[in-house]
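Modelling step: build the complete structure from the supplied sequences, incorporating the hints.
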Amino acid sequence: MTMLKTLAPYDVKSRDAVENYKGKQLLYVNWERHRMFSRPFVLALPPETPFSVIIDQYMTDCFSYHPDWKQIDWNTVVWQNGNTPFTPDRNKSLKENGIGHKDLIRFRTPGLDGIAGTGY
Amino acid sequence: MDMKVAKKLGLKERYSLMTRDLAWDTTFHKMEDVFPQTTYEGIKIHDWDKWEDPFRLTMDAYWKYQSEKERKLYAILDGFNQNNGHLSVTDARYINVLKLFLGSTPPLELMAARGFSMMGRQMNGAGPRVACQMQAVDEYRHFQTQIHSISNYNKYYNGMDEFAHQQSRMWYLSDGKSFFDDAITAGPFEFMVAIGFAFEYVLTNILFVPFISGAAYNGDMAAMTVGFSAQSDEARHMTLGLECIKFMLEQDPDNLPIVQRWIDKWTWRGTRKLASVGMMMDYMLPKRIMSFKEAWEMYVEDNGGSLFKDLARYGITIPKCFSQTIEEKEHVSHQSWIGFYMKPEATPFHTWIPTPDEMDWLSEKYPNTFDQYYRPVLEYLDQQEKAGNRFNNKTAPMNCQVCVSTMKFNEPGDPMEMCFRESIYNGEKFHTCSDHCKEIFDNEPEKYVQTFISSHQVLQGNCEPDGTDVNVPDFKPGQNMLDYWKLDKRALGDFNGSEDQKNFAQWREQATKN
Numbered sequence: 003m004t005m006l007k008t009l010a011p012y013d014v015k016s017r018d019a020v021e022n023y024k025g026k027q028l029l030y031v032n033w034e035r036h037r038m039f040s041r042p043f044v045l046a047l048p049p050e051t052p053f054s055v056i057i058d059q060y061m062t063d064c065f066s067y068h069p070d071w072k073q074i075d076w077n078t079v080v081w082q083n084g085n086t087p088f089t090p091d092r093n094k095s096l097k098e099n100g101i102g103h104k105d106l107i108r109f110r111t112p113g114l115d116g117i118a119g120t121g122y
Numbered sequence: 003m004d005m006k007v008a009k010k011l012g013l014k015e016r017y018s019l020m021t022r023d024l025a026w027d028t029t030f031h032k033m034e035d036v037f038p039q040t041t042y043e044g045i046k047i048h049d050w051d052k053w054e055d056p057f058r059l060t061m062d063a064y065w066k067y068q069s070e071k072e073r074k075l076y077a078i079l080d081g082f083n084q085n086n087g088h089l090s091v092t093d094a095r096y097i098n099v100l101k102l103f104l105g106s107t108p109p110l111e112l113m114a115a116r117g118f119s120m121m122g123r124q125m126n127g128a129g130p131r132v133a134c135q136m137q138a139v140d141e142y143r144h145f146q147t148q149i150h151s152i153s154n155y156n157k158y159y160n161g162m163d164e165f166a167h168q169q170s171r172m173w174y175l176s177d178g179k180s181f182f183d184d185a186i187t188a189g190p191f192e193f194m195v196a197i198g199f200a201f202e203y204v205l206t207n208i209l210f211v212p213f214i215s216g217a218a219y220n221g222d223m224a225a226m227t228v229g230f231s232a233q234s235d236e237a238r239h240m241t242l243g244l245e246c247i248k249f250m251l252e253q254d255p256d257n258l259p260i261v262q263r264w265i266d267k268w269t270w271r272g273t274r275k276l277a278s279v280g281m282m283m284d285y286m287l288p289k290r291i292m293s294f295k296e297a298w299e300m301y302v303e304d305n306g307g308s309l310f311k312d313l314a315r316y317g318i319t320i321p322k323c324f325s326q327t328i329e330e331k332e333h334v335s336h337q338s339w340i341g342f343y344m345k346p347e348a349t350p351f352h353t354w355i356p357t358p359d360e361m362d363w364l365s366e367k368y369p370n371t372f373d374q375y376y377r378p379v380l381e382y383l384d385q386q387e388k389a390g391n392r393f394n395n396k397t398a399p400m401n402c403q404v405c406v407s408t409m410k411f412n413e414p415g416d417p418m419e420m421c422f423r424e425s426i427y428n429g430e431k432f433h434t435c436s437d438h439c440k441e442i443f444d445n446e447p448e449k450y451v452q453t454f455i456s457s458h459q460v461l462q463g464n465c466e467p468d469g470t471d472v473n474v475p476d477f478k479p480g481q482n483m484l485d486y487w488k489l490d491k492r493a494l495g496d497f498n499g500s501e502d503q504k505n506f507a508q509w510r511e512q513a514t515k516n
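Quick note, the sequences are listed as chains C and V, same order.
Take any residue in the first sequence, note its place counting from 1, add 2, and you have its number in the numbering used here.
Take any residue in the second sequence, note its place counting from 1, add 2, and you have its number in the numbering used here.
There's no promise every hint is true.
Unchecked claim - EDC-like cross-link-like pairs, simulated, lysine to aspartate or glutamate; straight-line CA separation at most 20 Å:
{"id": "1", "chain 1": "V", "residue 1": "K488", "chain 2": "V", "residue 2": "E466"}
{"id": "2", "chain 1": "V", "residue 1": "K322", "chain 2": "V", "residue 2": "D444"}
{"id": "3", "chain 1": "C", "residue 1": "K15", "chain 2": "V", "residue 2": "E448"}
{"id": "4", "chain 1": "V", "residue 1": "K431", "chain 2": "C", "residue 2": "D63"}
{"id": "5", "chain 1": "V", "residue 1": "K431", "chain 2": "C", "residue 2": "E98"}
{"id": "6", "chain 1": "V", "residue 1": "K74", "chain 2": "V", "residue 2": "E236"}
{"id": "7", "chain 1": "V", "residue 1": "K248", "chain 2": "V", "residue 2": "E54"}
{"id": "8", "chain 1": "C", "residue 1": "K15", "chain 2": "V", "residue 2": "E424"}
{"id": "9", "chain 1": "V", "residue 1": "K345", "chain 2": "C", "residue 2": "D63"}
{"id": "10", "chain 1": "C", "residue 1": "K7", "chain 2": "V", "residue 2": "E441"}
{"id": "11", "chain 1": "V", "residue 1": "K449", "chain 2": "C", "residue 2": "D13"}
Derived by calculation from the structure, the hints in this document are not laboratory data.
Right under this line is the structure:
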């Protein structure tokens, strides 16, 4: 239960409600144990965007700077949506993959633990 | 006939006449209508006269002391500037600390001035009202003197001139802005715990150790003088904050759980705010006085710890986050520096990879973590830079909904894993960086759903330079961030090869040779 105390009625909308994105939704992406990138990145995309675009365009643009990127065996990648394991279908959309507004996609690349195995 | 000479007033009488005696209880309007803010937070005060002002400072004495300090301060500043003092700092990298400080600190001093002005109106008792008014003036003075001391550097180095514009717009300034926005939109007693106690008493020391001692150690007499001039004010502020805590706790036993929750919340918010101070100490000062870890041990663990022991007799316990802050002192400065290093086109200050002997210093100061987690990636990034492939992560960050830091902290107990927490409120997901930020969110979600997260605002089309038409069909948000931020291109990029580096070397040579 909220502990907020106010002097007057307090009804304020969320600043990041999905309506504010004109048909798009927010998506965060994190490569686990590759903390060279410091934090996940954020995108605003239509829910119809195919998942392949996330990998081939956005993830590649950002993460290919890391020497581990070329070593990834995509058959062994372990995916999570937040804390829930899931298996994305490359050819289906974000929506069809069950990815909603402000979801955080985390992917783990077994055997690849960053520069010299440091998690970076 | 003998003249009757009135006796000179003692300090206590003067204080009484010049402060409390000037106040009155209203009769035309009810006191609770004139001062509604001091009851709605749930804090119960039975007798405002029990408030003790340990300094018993009156306004006339205050003006006299402060004007003396100002005269001394500006004499030294003028001397430093006229003698090209900027060329006597250790190394041009040092000036980047000033750029970061200028953007992050004076605007918050101004917010503190606004906050304490509000407290000076909202508190019922004349004692705290006068003390808050003086603190408001102090904070305004700090805001001005910090800017004045750095303004001379602005004549020679890039990236300082738009700090006021950048304050509410730059991604990395959002954490500090959010800290003060949160405090100032709380009630007066929470504000006093947030700023007067948690920030001034528990955490300000750690900001002023690296900045002021570090400035002195690196030859910056201007910043050092500003710091010393502020120190005597800080002593008064810390006493006011502690007095307020004790006053609340002595007035009613029901106040204890409320005060404890605020102490827990604001100690954590302050800790997050100070992550970038760690990187100033460990990475940005060419000559380092102590590591962030050592400063944390001395100022937070030892001094803060004994302060909480002292408050234990009122029932206050050590803040819940304390053990996590002790674990994180080994990591945050490195994690912050990597986060800034990878954004060479998004800050008005330069970053760089530490030299080999600087890395050895870090290994010595951080024997448990530096070689194991951070040295390999810094050395890799160094090789890449030397090969003409400097790291530049062009993506936009995910931020914590409460502290607005980028989500860069590790899972407690596992430095290789990122820490993520989430809450659902009104069907919407909200991400936080830690258990403590999640708890703050969950306690008052209505407040934190409004957080201004700059990368989200960019994607909504709210961060465009003046005159941009966001309604054209092919509008793509975030294409003109440099213009929106008013970032000077000369201030961007790695320190190596920067105009600052070149000019400093050239001017110093002119100063020492024919």
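Here's how the hints hold up against the structure:
1. For a cut-off of 20 Å, the pair hint linking K488(V) to E466(V) stands: about 11 Å separates their Cα positions.
2. Under the criterion of a C-alpha separation no larger than 20 Å, the hint pairing K322(V) with D444(V) is consistent with the structure, at around 16 Å.
3. Between K15(C) and E448(V) the CA atoms are separated by roughly 8 Å; this keeps the pair inside 20 Å, and the hint holds.
4. Taken as a hint, the K431(V) and D63(C) pair is broken in the structure, with Cα atoms around 27 Å apart against an allowance of 20 Å.
5. For the proposed pair K431(V) and E98(C), the alpha carbon gap of about 19 Å is at most 20 Å, so the pair holds.
6. Of the supplied pair hints, the one linking K74(V) and E236(V) holds, its CA atoms being roughly 18 Å apart against a limit of 20 Å.
7. The suggested pairing of K248(V) with E54(V) holds, with an alpha-carbon distance near 10 Å, which does not exceed 20 Å.
8. Between K15(C) and E424(V), the direct Cα distance comes to roughly 19 Å. Compliance with the 20 Å bound is thereby established for this hinted pair.
9. Restraint check for K345(V) and D63(C): the C-alpha separation of about 15 Å stays at or below 20 Å, so the hint holds.
10. Our distance criterion of 20 Å between C-alpha atoms is met by K7(C) and E441(V), whose separation comes to about 16 Å.
11. For the hint linking K449(V) to D13(C), the alpha-carbon distance of about 10 Å falls within 20 Å, and the restraint holds.
Violated hints amount to a single one, hint 4; each of the other numbered hints is respected by the structure.
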